[in-house]
Structures are given as C-alpha cells and as structure tokens.
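K.L.:
Residue numbers (the working numbering), protein chains in the order written: chain A, 1 to 315; chain B, 316 to 675; chain C, 676 to 1019.
No lab work stands behind these hints: they were computed from the structure. Accuracy of the hints is not assured; some may be wrong.
If the Cβ cut is set under 7 Å, some of the chain B residues that face chain C in the computed set are [claimed, not checked]:
#1 Glu532
#2 Asn545
#3 Asn606
Here are the computed lysine to aspartate or glutamate pairs in the DMTMM-like style, where the Cα-Cα straight-line distance is at most 25 Å [claimed, not checked]:
#4 B/Lys414 x B/Asp361
#5 B/Lys414 x B/Asp429
#6 C/Lys763 x A/Glu225
#7 A/Lys231 x C/Asp778
#8 B/Lys527 x C/Asp696
#9 C/Lys762 x A/Glu225
#10 A/Lys231 x C/Asp829
#11 B/Lys412 x B/Asp338
#12 B/Lys412 x B/Glu441
#13 B/Lys414 x B/Glu465
#14 A/Lys126 x C/Glu703
#15 C/Lys763 x C/Asp752
#16 A/Lys231 x C/Asp689
#17 C/Lys806 x A/Asp310
#18 B/Lys622 x B/Glu598
#19 A/Lys126 x C/Asp946
#20 B/Lys531 x C/Glu947
#21 C/Lys993 x C/Asp689
#22 B/Lys531 x C/Asp946
#23 B/Lys527 x B/Glu465
#24 B/Lys527 x C/Glu810
#25 B/Lys622 x B/Glu633
#26 A/Lys126 x A/Asp60
#27 A/Lys126 x C/Asp771
#28 B/Lys531 x C/Asp942
#29 B/Lys622 x B/Asp361
#30 C/Lys993 x C/Glu703
#31 B/Lys527 x C/Asp942
#32 B/Lys622 x B/Asp552
#33 A/Lys231 x C/Asp771
#34 C/Lys827 x B/Glu603
#35 C/Lys827 x A/Glu225
For the chain B half of the interface with chain C, some residues (derived, Cβ under 7 Å), not all of them [claimed, not checked]:
#36 Gln406
#37 Asp407
#38 Leu409
#39 Leu411
#40 Glu509
For each residue, glycine too, the CB sits at the ideal point set by N, CA and C.
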Amino acid sequence: MIAYAARRFVYGLLVLLIVTAMVFITLRAIPGDVVRVQLADSPGVTEEQIAQRTAELGLDQPVYSQFFVFMGGALRGDLGTSFQDNASVTAEILHRLPITLELGFLAILLGVLLGLPLGLISAIRKNTLLDQFLRLVSVVGISIPNFWLALLFITYLSLWFQWSPPLVYVGPFEDLSQNLVHMTLPAIALGTAAMASISRMLRSSMLEVMGSNFIRTVRARGASEWNVIFKHAGRNSTIPVFTLLGLQVGAVLGGTVILESIFSIPGMGSLIFESVQFRDYPMVLGCVIFYGGLFIMVNLLVDVAYAAIDPRIRY
Amino acid sequence: MTAPTLNGVEREVTNRPLVEATDLVKHFEVGGGFLSAKRPPVRAVDGVSFTINRGETLGLVGESGSGKSTLGRLVLRLIEATSGSVTFDGQDVLALKNKELIALRSRMQLIFQDPVSSFNPRMTIEQVLTEPMLVHGVGDAASRKARCRELLDLVSLPSTALARYPHQFSGGQAQRIGIARALTTNPDLIVCDEAVSALDVSVQAQVLNLLKDVQKELGLSYLFIAHDLNVVRYMSDRICVMYLGRLAEEGPSDILLNEPLHPYTEALVDAIPSSDTIGRAREPLAGEIPNPSAPPSGCRFHTRCPKRFEPCDHLEPELITVGAGNVSCHLHTEQAALHRHQDPPEHSLHGEDPQEGATA
Amino acid sequence: MTSRHDSAPLLVIDDLHVEFDTGGSTVEAVSGVDLEIRAGETVAVVGESGSGKSVTAMAVLQLLGNGRISGGSVTWDGTDITHASNKKLRSIRGNDIAVVFQDPMTSLDPLYSIGNQLSEALRLHQRMSRKQARERAIELLGMVGIPDPAHKVDAYPHQLSGGQRQRVMIAGALACTPRLMIADEPTTALDVTVEAQVLNLMRDLQRETGVALMLITHDMGVVGEMADRVVVFYAGYVVESGLADDVLNHPQHPYTQALLTAIPRRDTPRDEPMPAIPGTVPGLHEMPAGCRFITRCPYAAERCSEPQEIVRLEVAGKQRDVRCWRADPAHRTSATIESELEVL
C-alpha cells in the first residue's frame, strides 16, 4: 500500500513535470511580446529599453535554456519572480492558496452534502414524481455553466434584494460570518455541477447495486430496509461516486479561475486570471503547477480511499 | 472414410488427421504494468498434444480452470500460443501470416455458449449469416441469400427468420442460428465451446441432435468442449480429460467413462449426480482445483488424489499409452515399468520410482 | 391421502398465482401452484428456466422485486402469511425459512467479511452480542467444513473459492436453525466434483439439524440423489408430483416422461438421435388455454385443449398428482390399467 502510494506519487510528479513543460512552451508560443504588452502604456519607450527589459527577464535566451533555468529554481522551491512587480511567485501563491482551498472545499462539501441524499432519495423513490423532479434538477445542474449561474445570482439578488456581494475579501479568521457571506454564493455556483453529477451517479450505482444478488441475500436473511440501504447498498454504491469526486475536484478548481474574478475573491483563481492578462509567465506557470499538484494529490487520496472501502482492492 | 460433398465441393480425403496439436502451451502474463509488480503467469495450457481426425468429434472435459476453453481458442489461433504447434490439414497454423490465417479461418469456426451476445444486436439474421461470406468473398448477393435460406433450412428454422433480430429468438433458436453462422463458410472444423451448457434439457437434446445431423451430412470434425461428462460422451468419439492445463487422460469415450484409468477421470465420473441412485456410494473428491499460476509440483492432481503414492508429489507423470487410450498417472507408469522389467530391458522409464531402485 | 404418520405440513402453498409488471403490461409467471413441505423432508422442485419454480419459492418469502402474489395463499406453520406485514415477513426470513442462492460468486456482499455477514442474521433474530455472534459464526463455518474457521471468519468473499462461498451461504442459511431451507439451484454454478461435495454437505447437515429442504433444480440427477418428493413444473404450473423414486422411475405426465429421456446418460446409445422434445416452451403471453404442454406433446388430443385438472392418485400410500387427463384411471383403457398394474 505504502509502496503503491509512493509509486503513484512519483508518477504524479512525472505528470506534473510534463504539464509544466507543456504550459511553459505554450505560454511562449502565445502571440504578442510580453515586454511590449507591459510597456505599451508608457509613452516614448525606445527599442533599447525594450531589449534591456527583455534581457532582464531572461526572455532573450532560447526556450529550452529558459526552461532549465526555471526548473532549476523550481526544484529548490523558487518559482521565480513576477514580471509585474518582481515579487516572489512562491510567496504570492502561498498567500492566495488558502483562499482558493477554502472556496474549493466549500463547493465540494456542498456538492457531497446535497448530492448524496438527493441521489439516495432518487434511487429509493425510483420512478416516482419526486425522482423525476430530482433527475430534472440534476440535468439542469449539470448543464448550467457555473459562471452563468454566478451572474444570475448577482443580477437577481441585486434586483430583488438590492444586495450585492462584498468587494473586499475578509479572511475566515478575521470574521468568519463575513467571510462565509462572501464565499457562499461562489461555492453554490461552483458546487452545483458537483452536486448534480454526484446525485446522478449515486442514483444509478445505487439502483444497480439494489438489483444485485447479494442484496437479495441480505433481504432473505430478514434484514431491515435500513440495513439493506445504508450498510450494504450504500457502501457498495459509493465506490463510483469516489471516482467522480476526484474528477469533480478538477472541475471545481478550474471553475475558481472565473468565479473568483466575478466575486472579487483574491485567491489563486483571480491571480491566474490577472497574470494571464498581463503575460506574467512565471506567475501563470506557478499557479498551473499548484493547480496540477492539487488535482494529482486529490486523486491519489481517492485511490487510497478505494482501498479503505473495498477489500478487493489491494495495491 | 467417405468423401463428404458440400455444395459440390469434393474434399480431398487422406488419412492425415485434420488437426494435430503438439505440446501446446499458453501462459497468460499478469501484472507487470508501470505501477504493478509482475506476478507469475497463469499457466492455462501447459503442454498438451492431441489430434482430431476428419469427421471425428473430440470431446474436451475438465472443470473451470482446467484450460479447456483456452485450448479451443489456441487451435483456432484466436489467441497466440506461448509455444507448441498446431497443424490444420497439413498447414502450420501458428506460422501463418495474417492473410493466410483469414483464409484458413473460413475452414474452422467457433460456436459459443451464449450465441446472442456474439451477434451484433442491430443486425438482422440475414446480415449475421451473410457477414462471414462477405469477409471471405463468397458468391454474389443472390447466391448468398440463397445460401442463407439453405442454412436456416439445415438448422430447421423458417426463412422468415432472416428479417428478424437476434433478441427475438429463444436460447435454443439462437444457438441454431449460431450453428448456421458457423456453417456459412463450409468449415471442416467447428469448436463447440460449452455450446449447449446454457440450454434447458429439452432444447439441449434438439441442439445435440442438430449438431450430429449436420456433422453426418457435411463430414465435419468437432472439438466439443463442455463440463457435462454425459453430454460430451454422447457427442464424442474420443475424449480428452484436462486438469490444470494438462492432459490427464485421453481415450475412446465409452471406454474412458466405463473404465477410467486416471483417478481424476474416475472422480469426475463418480461425481455426476445420477437419478438412478439415491444417495452416493463413494465420498466425493476433496478440495478444489488449485491456482493455475502456481500448479502443484509433480503430478498436478496429487493434492486431491485419493490414490497418490510416493512419486506423485515430485515426479510429473508422462502421458503413456494404456490399452486404447493415453494416461498420465504414476499408477500406470509403474505398471508399465513392471511389464518392461519382465520383458527384455528397454531404456529406463521416466516414471520409474527412484526410491524403488534404492530399496530393491 | 396422507398416512397418519405424517406430521402437519410446515409450508402449504395453495393455488398460488404470481404476476410481474413488464413495462406497462403484466404477465402471470405462476398460475395456480399447489405445494406442501413437511418437517425434515426434501422436496425437489424441477423445471426448465421460466417454469415458475424459483418465482414460487421467492413468493413464499415475498422477495419478488416488481412482482406480487395475485391469488392463492401461502401458509407457514399454520399461519396464512400471504398478506403478512413486512415486519412479520422479516421475522420469518432467515429465521424460520432461509435461502441459499444459485451463484455463490455474487450472492455475498464483497465489502464485508464473511463473519460480519454471518453475524447479521444472528444479531437480528437471536439478539446476540457482537462477540457471541462471532463465536457462533466460527462454529457455523466449522460445521460446513471450512478449514481453519477461526481465521477464515475474517476473510472477505473474494478470498474464497466458489465451493467455499457456497459453504458460507449454507452456513448463513443455517445460522438461526431454520425449519425450512430453500436452496435455489445451489450447485448449478459449481464444478461437478465441488457440486458433489456441496450436495453431500447439505444432506449431512439436514440429517443433523432436521431442517426441511426445498431444492430447486433443473438437474434430474440432483433430484435422484437428494429428494424424498419431487414437484415438476412446466410453464408456470405443476404438471406432476409425488415420491421422487416413483416420479423418476414411472413418470406419468408426458412432459416428465419426455424430460427424463432427453437427458444424455452414460449408457445413451451414441449412434441414435436423442429423444428430444420438439418446439419450445410457450411464452407467457401465448399460453394455451388447455394443457400448457399441448404444443409439444406427442399424445395431444382434443380433450387436451380444455383446462386440465389435477388427477390425484395414490401410490404406496403417498399422494401422487398428475395434471393430465390420461392419468385418470376412469379414462384409461383396460390395457393401460393392466400395464400400469404390472409396473406397480
């Protein structure tokens, strides 16, 4: 098990390296010169100044040597400095990471806490009006893009209640209630798709398990429906839900990029959004590495969870 | 041997066996991917030789895990053998190039346990039957259609079945279609893999009769794989009994069932539930078939054998001829050795007990 | 009808009808089944797939999925349980009547240890503590011949072979010392040598515990080895029942006769065709109004298209039912009676 986790970890690092290289190269392939974009607003910039700035940023070197310089730093935990203000990329990301983690966690929590019971009810009340309704809700939930949902929230809340989300972020340790007021709407917008897909997945896997032979055995020994559903069918049908959860974490992380910008939450999402606009290569790259690392780690945890749930899985 | 005719095609008649399999081995590799440790291979078939003559049915019995289905697929080269050879009508099947293999495949077909799952559910029966002819480029549209009707007639289904879909047929009817499809390309050999096992008794008898009728009419050879010993006996001229990837015994079906040589064959025959006797005379064989990736040393059956003795756990018995059949069991190698001791001495036997030599 | 030595029946199924919903329409899978099981006896229920034999057994415990009892009654130990509450039924399931299913590979929950699954019924019906239940589970595993039961109690189903899993299923069924065990094709998925072991085990355990056995099977060989009485199903009803010996050796219904000759035996001549039954079982939507075997019966006559009543005979003091008018002595020619007498 530990050997497996270690192997998976190494494998994850490898994937991260490939992702980093791909992003590194694509960023440099984007048309438009970073220095010209940065200096566009300053009047009277000479070609000399531009060349000087380019050399400062190391952008006059060939791409592969830039990459090795970057990797050399990355291995020491130094992801370089921002093109915008020469601040340390690592420090800036570490500062913003907890905010994004909180948002992502709230979104997933919401998806699980609502998705599981809805899926369960849907499965138990199979083909009733309630089930039809819940299935409709989840189809809608999966289909609506999260940013559009967020815009709907903002528009209608301000139209009906003259309420709009706060513009200044307050950390949870400063004022938890204020923080939650800020985080709830983006978390709902982000978590809706997770909730809908979890409930759909649980419904179908639950129905499949309920029709299986061992459930018949459990019923034949006189067990109550409670026992059938929660002890046997429940545990068996959560296995595919875990796989889905790993993938949903990816979707939620991706969603933070736009939602944090919409709700002016100063997390990694808005950081990457700003940095892309500014062609701040080191910052974008740093964010991508962190996003990728998070996703890989969560899926490693999912695999470990499989082994905890299912005795047939031994690594 | 008579010369069977099919669609006016005269078949060359020789005394050469249709199929000769020599020392076939199939080891399935498990694990060994990027993230998993390599484990010992599953030795599904581990050195099996047999022949099938023209017009003959060779039965293949054994419990699950004995390697009988794998063996059937090796003969058709649906899976690649690890080593050994198969010749079909003089051609080395395992050496054939892709194109030649496809050409040869028209002469050997497979019938499965569950025919419906092997049909494309969106194809009509006519399409199901025509497909093999298209693959092998047989005839034109009209002659193919005529052939379909002829085949359905052969398996006693009305030609109205042509326009229908696989799911519209019962298990027995679907197996008739499976047989018809196997016959489309005029094969010489059909491998029947548990072809009647899923059928109800009343329908099973119909399909067995059909298989025999078709064989008589077309001079086919069958490799008949099943776990029901009585069904295999009824169908087969000779039977091979497999245990854990190896041949335990081979012989003419009636002799094999009535006077089994190998203790495993004996146990199989004894274990058949019979409506003639209330209660069972003998204790059934203990234990279950061991893991084929770690077969027991010596004779593979020795862990369950009620008659095992000194050499069985370390010396693997060779297949030797006893009477009309062949058996790999030390009980018989011992006897053969004794006979040889009385006769003018020949070269030493593999099965001879080293302990015996020491004590004598 | 029955000799006075016989005890009162444990289970009485009377004119049972079972319906299933199949996407809009309903079909009747069981149409008027009568069946009795007495304490300690083995009754084999034979028939082909779709004959209603398993459905009848599951109807006893009302484990019918999307089906329901649409007529007739089920009486357990003198109490009509046809309309019993779920609570009452749960107190019978696993406690008085236990079930062993066909496929041991899929009939155990893969996520729980076998000890955990064996304990469930004990904790439920006998209010045992976790520890007591575990002790009893180990005892049960030993009883069904699982080697090293104190260790195997913590094993998971996938760590056991097919034969061992079926032994565990039997141990689970016997956990609360039920009075009836329903075994639905218990050996069909097993290899023949393992089948022989499991049949032996069931026979031994039955002798020890006195449990009655309702053995559902399609294999006449299994019937011959195990059963005291046999009930033959065809197309949703019973065509023949009686002492196993008598039914197997002197089948009276044309279906039973044909079924018995259609099985290859060790001495079946290999150069003759098998005496097969022509045609197929009629579908549930197209049942003939009269005898349901009429479409395949070699003796079909005009009278056969009328609904067939059960002809109740007595052989060696035991009840013998045949659902065919030909079996009625009143309709026999003197010649058939004579030949019948000779046989008896």
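K.L.:
Now tell me if each hint is right for this structure.
P.N.:
Hint check results:
1. Interface hint at B/Glu532: violated, since its Cβ lies 13 Å from the closest Cβ of chain C, which is beyond the 7 Å cut-off.
2. Annotation: B/Asn545 was flagged as interfacial toward chain C, and the flag holds, the nearest CB pair being 4 Å apart, inside 7 Å.
3. Interface restraint check for B/Asn606: the shortest CB-CB distance to chain C comes to about 10 Å, outside 7 Å, so the restraint is violated.
4. Note on B/Lys414 and B/Asp361: the hinted pairing is violated, with a Cα-Cα distance of about 28 Å set against a maximum of 25 Å.
5. Distance hint between B/Lys414 and B/Asp429 is unfulfilled; the C-alpha atoms sit about 28 Å from each other, more than 25 Å.
6. Distance check on the hinted pair: C/Lys763 and A/Glu225 sit about 14 Å apart at the alpha-carbon level, within 25 Å; holds.
7. Restraint check for A/Lys231 and C/Asp778: satisfied, since their Cα atoms lie roughly 21 Å apart, inside the 25 Å limit.
8. Between B/Lys527 and C/Asp696, the direct Cα distance comes to roughly 41 Å. Violation of the 25 Å bound is thereby established for this hinted pair.
9. As the CA atoms of C/Lys762 and A/Glu225 are separated by approximately 11 Å, the hinted pair is consistent with the 25 Å bound.
10. Between A/Lys231 and C/Asp829 the CA atoms are separated by roughly 18 Å; this keeps the pair inside 25 Å, and the hint holds.
11. Among the hinted pairs, B/Lys412 with B/Asp338 is consistent with the structure: their alpha-carbon atoms are about 21 Å apart, no more than 25 Å.
12. The straight-line distance between the Cα atoms of B/Lys412 and B/Glu441 is roughly 30 Å, outside the 25 Å bound, and the hint therefore fails.
13. At roughly 28 Å between alpha-carbon atoms, B/Lys414 and B/Glu465 are farther apart than 25 Å, so this suggested pair is violated.
14. Pair hint A/Lys126 plus C/Glu703 holds up; C-alpha atoms about 24 Å apart against a cutoff of 25 Å.
15. Of the supplied pair hints, the one linking C/Lys763 and C/Asp752 holds, its CA atoms being roughly 13 Å apart against a limit of 25 Å.
16. About 36 Å separates the Cα atoms of A/Lys231 and C/Asp689, which puts this hinted pair outside 25 Å; it is violated.
17. Between the alpha carbons of C/Lys806 and A/Asp310 the distance comes to roughly 24 Å, so the proposed pair stays at or under 25 Å and holds.
18. The straight-line distance between the Cα atoms of B/Lys622 and B/Glu598 is roughly 13 Å, inside the 25 Å bound, and the hint therefore holds.
19. In summary, the hint linking A/Lys126 to C/Asp946 is not supported, as the alpha carbons are separated by about 56 Å, beyond the 25 Å threshold.
20. For the hint pairing B/Lys531 with C/Glu947, the CA-to-CA distance comes to about 12 Å; that is within 25 Å, so the pair holds.
21. For the proposed pair C/Lys993 and C/Asp689, the alpha carbon gap of about 19 Å is at most 25 Å, so the pair holds.
22. Of the pairs offered as hints, the one joining B/Lys531 and C/Asp946 holds, with about 11 Å between alpha carbons and a cut-off of 25 Å not exceeded.
23. The hinted pair formed by B/Lys527 and B/Glu465 meets the criterion: a straight-line CA distance of about 18 Å does not exceed 25 Å.
24. For the suggested pair B/Lys527 and C/Glu810, the alpha carbons sit about 56 Å apart, so the restraint of at most 25 Å is broken.
25. The suggested pairing of B/Lys622 with B/Glu633 holds, with an alpha-carbon distance near 17 Å, which does not exceed 25 Å.
26. For the suggested pair A/Lys126 and A/Asp60, the alpha carbons sit about 64 Å apart, so the restraint of at most 25 Å is broken.
27. Distance hint between A/Lys126 and C/Asp771 is unfulfilled; the C-alpha atoms sit about 31 Å from each other, more than 25 Å.
28. A threshold of 25 Å between alpha carbons decides the hint, and for B/Lys531 with C/Asp942 the separation of about 21 Å falls inside it, so the pair holds.
29. For a cut-off of 25 Å, the pair hint linking B/Lys622 to B/Asp361 stands: about 23 Å separates their Cα positions.
30. Restraint check for C/Lys993 and C/Glu703: not satisfied, since their Cα atoms lie roughly 31 Å apart, outside the 25 Å limit.
31. As the CA atoms of B/Lys527 and C/Asp942 are separated by approximately 17 Å, the hinted pair is consistent with the 25 Å bound.
32. As the CA atoms of B/Lys622 and B/Asp552 are separated by approximately 28 Å, the hinted pair breaks the 25 Å bound.
33. A threshold of 25 Å between alpha carbons decides the hint, and for A/Lys231 with C/Asp771 the separation of about 23 Å falls inside it, so the pair holds.
34. With a CA separation close to 17 Å, the supplied pair C/Lys827 and B/Glu603 stays within the 25 Å bound.
35. A hinted pair counts as satisfied when its Cα atoms are at most 25 Å apart, and C/Lys827 with A/Glu225 does not qualify at roughly 28 Å.
36. Nearest Cβ of chain C to the Cβ of B/Gln406: about 31 Å, over the 7 Å cut. The hint is violated.
37. Evaluation of the B/Asp407 hint against chain C yields a violated restraint, the C-beta minimum of about 33 Å exceeding 7 Å.
38. Because the smallest distance between the Cβ of B/Leu409 and any Cβ of chain C comes to about 30 Å, over 7 Å, the interface hint for this residue is violated.
39. A least Cβ separation of about 35 Å between B/Leu411 and chain C goes past the 7 Å threshold, and the interface hint is therefore violated.
40. Residue-level restraint check for B/Glu509 is violated (minimum Cβ-Cβ distance to chain C is 13 Å; threshold 7 Å).
Of the hints listed earlier, those the structure fails to meet are numbers 1, 3, 4, 5, 8, 12, 13, 16, 19, 24, 26, 27, 30, 32, 35, 36, 37, 38, 39 and 40, in rising order.
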